[in-house]
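Enquirer: Residue numbers (our numbering): 15 to 382.
Please note: incorrect hints may appear among the correct ones.
Stated by the list, open to error - Straight-line distance between alpha carbons at most 25 Å, and here's what the computed BS3-like set of lysine-lysine pairs gives:
1) K297 to K249
2) K249 to K268
3) K297 to K268
Quick caveat, the hints were computed from the structure, so don't treat them as lab data.
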Amino acid sequence: MRGWIVRRHGGPEALEWGELPTPEPRADEVVVRVRACALNHLDLWVRNGVPGHSFPLPLVPGCEIAGEIAATGERVDGLAEGDPVLVAPGVSCGSCDRCVAGEDHLCRRYGILGEHRDGGYAELVAIPGRNALPLPRGLSFVEAAALPLVFLTAWHMLVVRARLQRGEDVLVQAAGSGVSSAAIQIARLLGARHIVATASSPEKLERARELGATHVVDSSQESFLRRVREITGGKGVEVAVDHVGGEVFEDSLKALAWAGRVVLCGATTGAEARINLRAVFFKSLSILGSTMGSQAELRRMLPLFESGELHPVVDRTFPLEEAPAAQGVLERREQFGKVVLVVSQEEDGDSRRGDSRRGDPRPDESSR
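Take the sequences, apply the hints, and build the full model.
Expert: Below is the structure:
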């Protein structure tokens, strides 16, 4: 098969294109014919390397995958060749106390496709059979690939960790990212009162409004901290969603109301932050780390995409062969929502959203 592989860390040149061994499924695995694979900052970390962290190179990147079953292992039931599937990106042992309790994301052996084992920057990928979920009805492969990691991450942050309640106010940093575009929708779905979204361009701010943000702040032009206080009458927000880190995290903490919660799933601009501990205990603040979420949470979310209550946000697509260019868009933060690699160019003529979705392969409904 053809695909991209990272053998050593570096810039765009570290992505090597060529022929790769065709994966064979183990007894409890399936092989998925990849039709679409969405990009994440995780892909950039795998390519660039992270100080103090080791990746199992050589590695095929890509964790958000949609496609069709190409082969099944002998112990896999309920899946057949040609079935359209969405791939759950988290992989766990399936048998420890955490996994049995439905907390597989806390398994000591938990890993993510494209980070701990080969992912979707290729024509085929082998995954555990339990990670192959039915493709939500009404979604194309491109749309489906744009949802599993970012919506699961945002859902776990707001629902499980921060326990957002109806009528509470929310701050969502960097609205153009996949996680934040999902968080805005989930906050709206949960009945948040004020949803304040930050972004660095008028275009991204307008898109954030379309998704449900009630207030937007151009972070390149004004202080979001001041605007949050104005919007909430000096109270602050009950929940702040942050994956930016650094000085932004410091101000996210300052933007909290009494008993407020800041929930963090990344630190794209800096892993170090100064924290006023007096404010933390005096205002009863909570600082919550969050990584991914359980597969059960992902399964519970999928009907919300079929009903239209949630929807993936696709910025643009690239052919698989143009993965370095696609990663460049992500590095320059030019996107709003997801950048998706289209592995198969077969289409059924559906082009509902125009040029930004060039290449929108859709499953054959007769197979579902």
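Enquirer: Each of the hints needs a verdict: does it hold here or not?
Expert: Evaluated hints:
1. Of the supplied pair hints, the one linking K297 and K249 holds, its CA atoms being roughly 12 Å apart against a limit of 25 Å.
2. The hinted pair formed by K249 and K268 meets the criterion: a straight-line CA distance of about 11 Å does not exceed 25 Å.
3. Taken as a hint, the K297 and K268 pair is honoured in the structure, with Cα atoms around 10 Å apart against an allowance of 25 Å.
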